[in-house]
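Knowing the structure of chain A, use the given hints to seat chain B with the ligands on it.
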Amino acid sequence: MTELLLRVRDLRTYFVTEQGRGTARAVDGVSFDLHAGETLGIVGESGCGKTVTSLSLLRLIPEPPGHILPGSFIELEGRNLLTLAPKALRAIRGNEMAMIFQEPMTSLNPVFTVGDQIAEAAIVHQGLSRRAARARAIEMLKLVGLPDPETRVDHYPHQLSGGMRQRVMIAMALVCGPKVLIADEPTTALDVTIQAQILELLNRLQDELGMAVILITHDLGIVAGTVDRVLVMYAGQVVESAPTPELFARPLHPYTEGLLASVPRLDTPHPRRRLHSIPGQVPAATAWPAGCRFHPRCPYAWDRCTVEEPPLLDAGKGEPASHVVRCWLLAEPARRTRQP
Amino acid sequence: MATWLVRRVAASLAIVFAVVTFTFLLLHLAPGEPFLPSGDTPIDPAVVARLRHQFGLDQSLPLQYAKYLGALAHGQLGESFALHRPVADALGDAIPNTLVLVGTALVLELLLGLAFGVYQAARARRLPDVALGYATLFLNSVPTFWLGLLLLLVFGEALRWFPVGGVVDPVVHASLPWAGRTADRLWHLALPALTLGCVGAAGTARYERAAMLEVINQDYVRTARAKGLPERRVVLVHALRNALLPLVTLFGLSFPFLLTGAVLVEWVFAWPGMGKLTAEAIFRRDYPVVLAAATSASTMVVLGSLLADVLYAIADPRIRVHGE
Ligand SMILES: Nc1ncnc2c1ncn2[C@@H]1O[C@H](COP(=O)(O)OP(=O)(O)O)[C@@H](O)[C@H]1O
Ligand SMILES: [Mg+2]
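First to last, the protein sequences are chains A and B. Whatever position you read off the first sequence (first residue = 1), add 10 for my numbering. Whatever position you read off the second sequence (first residue = 1), add 3 for my numbering.
Only chain A is shown next, with the shape it has when bound in the complex (with noise of 0.2 Å):
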């Protein structure tokens, strides 16, 4: 097995929402393990707590509204990172562990040069001076595949285009050599074409530079080829969690069920065609259904189900805690066959 990385146990990050309309508990006890050099996939709709976990792990959570509860744990090769006093988080932050945004177009800085943004980091953490952060940048350019990076570095944002301005968010997260990339659904705001194209960048960089991968998205068919386990979110919790060929040769929760039907298949190209086999959608982080939070939407739900909130159950074979699922179904699994 190799080295552990990053440790998250328990993460609860809530939001006070204004006007008293309750505490947003938009993620709600998220445990998981990255070893170096994995490539982790978090998927799930939209307003399930990926976004919020992954700010949660580099604590850029805007606080207020929102604050981590105590009792959380997030440890990076053993500091504690709820704990760590500000200078030597920002130490971690954009060096040990980098973040890309869904939002290429607005992730950016308009008045800064790509060049400027991207040396910035250098600079900071490893104390390069202006001229080699400067070829540093346009090194990086040239990794991330941007034609002319010479000319590419004194750009501003706005000429360049969504995919462009994602090669150079990867750029400027990977500028200081990060043991720990997170890509919150980096693909999610760009073309098709332009997807694949950043998806395998993505994957090829990793191969290149060895650092672990968080790859966050909502669309299970990109995870498929690329990620090693896949932790599957609903409603702020890990409602499934197991090793990609795994949880795609046996899924366990319902949710994932309706997950992987969802994905458009090869030979019937759909792109634009989601989650249809879900009904409804997400409720709000201010009030998660009792019992089980997915049982207004899941085919199976019996009465159990709207009162009893299920544990992470065990559904391993062989290594302990290889696969685990929130649902009832793995207790009684005869309630599967009476699917309506």
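By construction, these hints were calculated from the structure, which means they are not laboratory data. Where a beta carbon is used, it is the ideal one built from N, C-alpha and C, also for glycine. Be aware that one or more of the hints could be misleading.
[Stated by the list, open to error] Reference listing, derived: stretches of chain A covered by chain B, where coverage requires no fewer than 3 residues with Cβ under 8 Å from a Cβ of chain B:
# : region
1 : 100-106
2 : 130-144
[Stated by the list, open to error] Simulated restraints, written as ranges between beta carbons of each label pair:
# : chain 1 : residue 1 : chain 2 : residue 2 : range
3 : B       : N220      : A       : G290      : 24 to 34 Å
4 : B       : D222      : A       : A297      : 22 to 32 Å
5 : B       : N220      : A       : E87       : 29 to 39 Å
6 : B       : L8        : A       : E87       : 53 to 63 Å
7 : B       : F141      : A       : A297      : 35 to 45 Å
8 : B       : A186      : A       : G172      : 56 to 66 Å
9 : B       : W7        : A       : E28       : 36 to 46 Å
Only chain B with the ligands this time, still in chain A's reference frame:
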């Protein structure tokens, strides 16, 4: 960029022309006449008629207007009715005083406004922000002359920290060495510039606070934090640089307000600038002075907004490229 500049300058000239025309019409439509006996000093009607003839006021309005424009095109501003000197000389004395006052107020407005706005945004909704919010709201709502009078009474009359009016001390100024004369000027400038600058700074602070609060929630600010930059750099470089853009526009907008405010402040502090000159000229129906003052004030305003546009194009790379 060049065609844009040409168009912009043409528009500016049109605005100045419109101001001259409008002022001319207003002056002649308004009741009252120059050279009329004011109250108890009787004047021979023959003298009035002779003066009216001498200054061309007995001619038809269109003819007077055409003549004035012709002279203006040649840079001639005419002779003041009341001051017995060329209008250009009177303006030449007054404009530098006003520019010093307005320029200092502008610097105060931008620096104080920026500092308070950024500080407030960083402490948003906490006590310092709320307190400053009330203070700026107050300054923003009191009339400028009222604030001027207040400062004058407190710091001029009661505490005697500052002189109560004028540009320099009439008695000792000439005998002072260079440094002393500069200090004397600054000492006289303090209250009027502070009056004018504080009112503007209050508005700028409120504006800049809102701009910062909007920018601070942008995705690219989060990106800057995710890079591991110190919070100071995140706020003062990544956020502020973007929040400065609206301030450049505000600079163009605030210039006319400062000039208008200067009229009142000059009156309160007996500051011999354009505002005071114009106000006195209006009371005396000194047409050439009023017209020339309106022309130069509108020229300054359009130049100010032209400068703001150019600055904006320099400050925002997105505009720079489109302009080229
Ligand atoms: N700043 C915030 N204030 C209040 N609620 C928030 C905030 N950010 C996220 N949330 C809530 O947290 C939940 C999860 O959001 P998010 O993590 O963005 O979902 P995902 O990335 O999976 O689409 C949502 O219900 C959202 O409304
Ligand atoms: Mg998201």
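Taking the hints in turn, this is what the structure says about them:
With a threshold of 8 Å between beta carbons, the proposed coverage of the region 100-106 of chain A by chain B holds, since 6 of its residues qualify and at least three are required. Only residues whose C-beta sits within less than 8 Å of a C-beta in chain B count toward coverage, and the region 130-144 of chain A has 4 of them, enough to reach three; the restraint holds. The hinted range of 24 to 34 Å is satisfied by N220(B) and G290(A), whose Cβ atoms lie roughly 31 Å apart. Judged by the Cβ atoms, the range 22 to 32 Å given for D222(B) and A297(A) holds: they are separated by roughly 27 Å.
The hinted range of 29 to 39 Å is satisfied by N220(B) and E87(A), whose Cβ atoms lie roughly 32 Å apart. Between L8(B) and E87(A) the CB atoms are about 58 Å apart, so this pair conforms to the stated range of 53 to 63 Å. At about 43 Å, the CB distance of F141(B) to A297(A) agrees with the hint of 35 to 45 Å. Take A186(B) and G172(A): their Cβ atoms lie about 59 Å apart, and the range 56 to 66 Å holds.
One distance hint, 36 to 46 Å for the beta-carbon pair W7(B) and E28(A), holds here, with the actual separation near 44 Å.
Violation of the numbered hints given earlier is absent; every hint is satisfied by the structure.
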